[in-house]
Amino acid sequence: MRQRNKVSVFLPVPVSVLVLALVFLFWTGPGFAASWDVLVPLDQVDQVPIGKAGKLYLTVGDKGIKVPVTGPGVITGYARIAFPPGEEGKVDGLLEFSGVPRMEAQKIMVFSPSRKSTWGDDRPGKPSGGHKFTIEVPEGEFLLELAGFLPGGDPMLIILYYEGPPQPHLAVAKDQAKGERTTKKKAKPAVTFLGHAAIDIIYNDNILTNSPGYNDDFISGTYPWKFINGTVDDLIIAPSFDIEGRSRLVPWGQSRLKFKVKYWRYARNPIKTNTDFHFYFRQYFGKSQSLELYFHFAPEQYIRQLSDRSPLSDREDEIDWTQFRFQRNVWNATWRQRFSKKFSAKVLYEENYRYYNQPFMENDISAWEVRGNLTWKLSRVLTWNFDYSYEDAQGRAIDSVWEIPENSNNSDPSYERDLYRIGLDIRHSALKKVVDRVGLSFLFMDYYYPTTKTLVEDPYHAGRRDMFYKGTVELRKRISKPLTLKLAVRRTERVVDSPWEGDITTDKDFTQWLYWTSLNYRF
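So the mapping is simple: my numbering equals the position in the sequence shown, first residue as 1, plus 14.
Any given hint could be a false lead.
[As the list claims (entries may be wrong)] Pairs of lysine-lysine residues, derived as BS3-like cross-links and limited to a Cα-Cα distance of at most 27 Å, are as follows:
#1 391 with 495
#2 121 with 286
#3 286 with 77
#4 146 with 360
#5 276 with 286
#6 360 with 276
#7 391 with 121
#8 276 with 146
#9 272 with 77
The set of hints was computed from the structure by calculation and includes no laboratory data.
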C-alpha cells in the first residue's frame, strides 16, 4: 500500500518568531495602546482636524490653555500652524510652557508649509509641517500651561500624546465629548479681546531737563521767579491700561484695534502730571507683513518756566516768567515685513504737531518724519536692531496775525534731525534663572537749525546744533504666565553747540538719569 507524504506543520524558525511576535502584539495591543492618551485642556477650545485620519489639534493662542496631567510619564507633542492659500515662506513661532518642574520655559520654532499633510476638512490653505517636542513629567499632579505666539496673532495648532499612568480627568472629558457629539458645535466668537494693566515706578533725577547751572540756581534760591517746581528730582507713578480687539474683517489676515491710556503722576511736583492717549489699528496681510495706523494725543502739559522776551527786545526790559506748556498730536503709518526667520524690517511715516500756550505760540511745530528699522536675528541668543530716521520740522515763528516769518521779531524754531539707533537683545540659557531677556541700546539724535536769520536776529537758533545721546539697559523676567517684570536704567545727555556767546549752552545742556520698575499683567 502506497503511503502519502507527510506534511510538516512546523514553520521555519524565523517565520515562527514572526508569528509569535504578531500574536503577542495582537494579544497585548489593547493594553499597549491604553498607555498612550491624547491630553485635553480643562476648558473647551477649538479643534482643527489634520490629515486623512482627522487628528484633532488644539488651537493655542497667546492667552494659552491649561492641561492637567498626572506623572510620572512623557508628553510627546506636535506643533503646527495654518498657511493661507498660496502663501509660502517661513514663519517664526514661540511656544511657552509652565506648570511642570524642570522643563524648558519656551521653544522657538520655524514653520514651513507641509508638502504632504492636508486639512481633515474642506478649509482653504494647508497646515505646516509638524514640530516635535517632549516634556518629562515627574511623579505627581500638575497643570501644564501652554501659550503660542505667532507674528500675525493667529493660534498655533497643538496635539499632545501622553505615555504614563491613567489620567483621571480624561474619563470625564471623554464622557463630556460623547454628549457633545449630538449638539451643535459652538461658534467661534467673531471678536476676541485681550488687554494689559501695567504700572511703572520711575525715578527721574532731572524732571525739567535743566542744566547743572539751572539746578544750582534752584537749590540755592538765587532766582526764585524762574522756578515753581518743588524739587529737581521726583518719583513718577505711571499706571496704564490697554484693551485690544482682534477679528478677521477681511480674508487675507487678522485685524486689530487697540486703545491705551497712561497716566503720569509726579509724586512731589503735581504740576508735571499728565496723561497720554493712544489709538492703534493694525491689519495683517498673511503672517509676514502688516500695516499699522497710529494716533497719539497728549493734552496740554507743563514743561518749565520761561520768559516771553523776543531776541530783539531791549535787554533792559523787565522779564516776565510764565508757565511754558504744550500739547502734542501724533499720527503715523508703519509697514512691517518679515523676509526670513533672520531678517525683518519696518518703515514708518509720521507727522507730529506741537502746540504751545499763547505767550509762546511762535514755538509751534509741524513736523514730518521717515524712519526705517532692520532687525537681524543672528542666533537664538542674539538679535540686532538698527534704526535711522530723518525729521523735518517747520516752526510757526510768528505770534501776531499781521506778522510773517520774514519780518517777525520772534525766533525761528524750525529744525532738521537725524536719528541713529543700535540695539542688542540677549536671550541665553545661562541667564534664564535670573532674566529672560537683556536689552541694550544706544541712540544718537543730531538736531540742526537752518534758520536764515542772523545771529543778532535769532541768537537762540542761528548756527545752533543739538546732540542727544541715550543709552539704555533693560532686563525682562516673566514671573508667571500673565505677569512680566521689567527693570531698566537710561542715561540721556544733550550737548549744544552755538556761536552765540549768551547763555544758550548754559540753558540747554543737561544730563538725566531714569531708573524704573514695571509690572505688566496680561488678561
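Right, here's what the structure says about each hint:
Simply put, residue 391 and residue 495 have alpha-carbon atoms about 25 Å apart, close enough for the 27 Å limit, and the pair holds. Simply put, residue 121 and residue 286 have alpha-carbon atoms about 44 Å apart, too far for the 27 Å limit, and the pair is violated. Proximity of residue 286 to residue 77 is assessed by CA-CA distance (about 37 Å); at most 27 Å being required, the pair is judged violated. Simply put, residue 146 and residue 360 have alpha-carbon atoms about 32 Å apart, too far for the 27 Å limit, and the pair is violated.
Straight-line distance between C-alpha atoms of residue 276 and residue 286 comes to about 14 Å, which keeps the hinted pair within the 27 Å bound. The straight-line distance between the Cα atoms of residue 360 and residue 276 is roughly 25 Å, inside the 27 Å bound, and the hint therefore holds. Annotation: proposed proximity of residue 391 to residue 121 holds, straight-line Cα distance about 15 Å (limit 27 Å). Restraint check: the Cα-Cα separation between residue 276 and residue 146 comes to about 42 Å, which exceeds 27 Å; the hinted pair is violated.
A hinted pair counts as satisfied when its Cα atoms are at most 27 Å apart, and residue 272 with residue 77 qualifies at roughly 17 Å.
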